[in-house]
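K.L.:
Same order as they appear, the protein sequences are chains A and B.
In terms of my numbering, the first sequence opens at residue 1261 and continues consecutively.
In terms of my numbering, the second sequence opens at residue 3 and continues consecutively.
Relax, there's no trap hidden among the hints.
Result set (BS3-like, lysine-lysine): computed pairs, CA atoms no more than 25 Å apart in a straight line:
1. K1441/A / K1351/A
2. K1469/A / K1457/A
3. K1464/A / K1402/A
4. K1293/A / K1722/A
5. K1535/A / K1546/A
6. K12/B / K115/B
7. K1402/A / K115/B
8. K1402/A / K12/B
9. K1441/A / K12/B
Beyond 10 Å from chain A on every Cβ pair, some chain B residues (computed):
10. K12
11. E43
12. E141
The hints are simulated quantities; they were obtained by calculation from the structure and are not laboratory data.
Heads up, the beta-carbon is just placed ideally off N, CA and C, and yes, glycines get one too.
For reference, the chains in residue letters:
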Amino acid sequence: MSRTVVIEPVTRIEGHARITLQLGDAGEVEDAKFHLTQFRGFEKFCEGRPYREMPALTARTCGICPVSHVLASNKACDHLLSVSIPPTGEKLRRIINLAQITQSHALSFFHLSSPDLLLGWDSDPVSRNIFGVMRQDPALAKDGIRLRQIGQTIIETLGGKKIHPTWVVPGGVSEPLTQEKRDAMLALLPEGLDIAKRTYAFFKTLVPKFKDEASHFGNQPTMFLSLVSPKGHLEHYDGLLRLKDAQGRILEDMVPPHEYERLIGEAVEDFSYMKFPYYKPQGYPKGIYRVGPLARLNNVDACGTPYADVALAEFHMLQESGPIASSFHYHYARLVEIIYALEMMERLLKDPTILDARVRARARSNRYEGIGVAEAPRGLLMHHYRIDDEGLITWVNLIIATGHNNLAMNQSIRQVADAYVDGNNLQEGMLNRVEAVIRCFDPCLSCASHAFGEMPIAIELKDATGRVVDTLRRG
Amino acid sequence: MDHARMEGRKVLIIGYGSPIRGDDAIGPLVADRLQAEGMPEGVEVISRHILTAELVADLVEHDRVVFLDAAVDGAPGEVRCRSLAPDASAMSTMAHFLDPRELLAWCETLYDKVPETFLVTACGSSFDYSNYVLTPTAEAAIEPMLDWVRRLIDPNECASRLSQPTDGAAMHGETGSPTMIL
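Turn these sequences into a full structure, and let the hints guide you.
P.N.:
Take a look at the structure:
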């Protein structure tokens, strides 16, 4: 008998998360789960495609940060080619990645999180949005727009104005940089750095007001995983893997990204389409770790640029000792990274070799397996491909930054629920704090979802028998 | 807007939509066609997968803005043009997509300046996976959309005339904004 498989809804589902809180007999929270309900299937439908299509295909994973996927995918292709790309090609790739980080972090801070930070978690939800921020602090809102525009302009100057630029290619980049374009980008950076520095200075004045949230927003002992440079400095494009434990001890260091499978295992759960990566030597789920800005700053010995290094020192003062544990401080780390990105872009653009015409290595595939790892705004992004003799993809594995943080996000929701949820009476402020702790991670759900103000979300309150006793919905 | 007033003014055309979701690609495709045929001085054309916050800074730098998009609320192939006004209630819950009326509300709230804005849409019939490939119905809507854009960037066309029904066009007033259907 024939069957018809219907998958619906297919579209308009990105960003639709569900949170389930399981209560005990006395109304206490017994369990909390963060569900990703959308399914993409990139790993499967990329099979059979020529490997050179992978950067373009995987860029479609995300409409808001395709640059990250383009870079990780092209790095996997570089590996398949067995080439070392020309130094100038690498520097140009670094610049477009830093521009992406600048505009992505700006979106997270200025537009997604600032309504909570400026107006308060318990403020009227009707005005707790970007328009509320515009009324409260129009200069800050304008700064956010301008910073995003600067990042986007640099991306378009390098990659072109097409929706999915094809400037980054296997082996390097397709076109060298012209002096005119370099000068145009350099002219943008001082204003960007001014904005970043004054926003950072402003945020530092806010941090003491959020002691309670910092104590309960994913303030948990986990490990931290990121790339670092061979010198142990902040690294977003290349480098080596470092893993620290919650006490700051380095458990893994200078691990070539191609060996990631030795460190990372992936578990699945029946309540989410998002995978649950974990540190393999400690098993699942004990091997919980975090990635992204917080992990990167916790792991590095220095940023390597002047203002960012000052900010890094201040970041470490958020806590008496050890890696900064609270996920609330992802916001802080993002602002430090914006400063770093702008400083580093200026340094790279002023490099005397940046106009070199040799920007691409050309080769055919020379191995059957390629792994590309880069730091996306939200953390480690891993593309792993296998190909056959014809260069056709036979197997794909993608580990997205938000996936690395899956265990930590689930644990963070539980912590917020324990601290703020009155099991017998759900309040809007509680709902917003649950949203806010997710927002600290700036999740891109299957690289598809960001939430503005109030994201579409459903919270179900169940009793010990699993019966739904209360529900709050938005969107 | 008379000829003298239109000349020297800056126009921004934004085609937006997903290139891989069937007829949703019509906005970027029309933008590509406009780029290929060349635009007069002062007219800039860009394509976007989605509308994002930084566009606000571009909008306020222009006198007239034309958004090009796909629509689902009409007969497949139907082309409409309507003027847009700021509307903060059109606020999206997602960072992935901002309604053009919300972007105009950002312009108004933050910069106290709103460009004269039009939205030209074509109703699609299929939004399944495809890469910059439209259904024949949507394909046939490209030329009428181009006609609208040409009129909107023509210094000889004035806004008052554009807001009135002309040959082959009919008012469509459900939003309260001047709307024309080809």
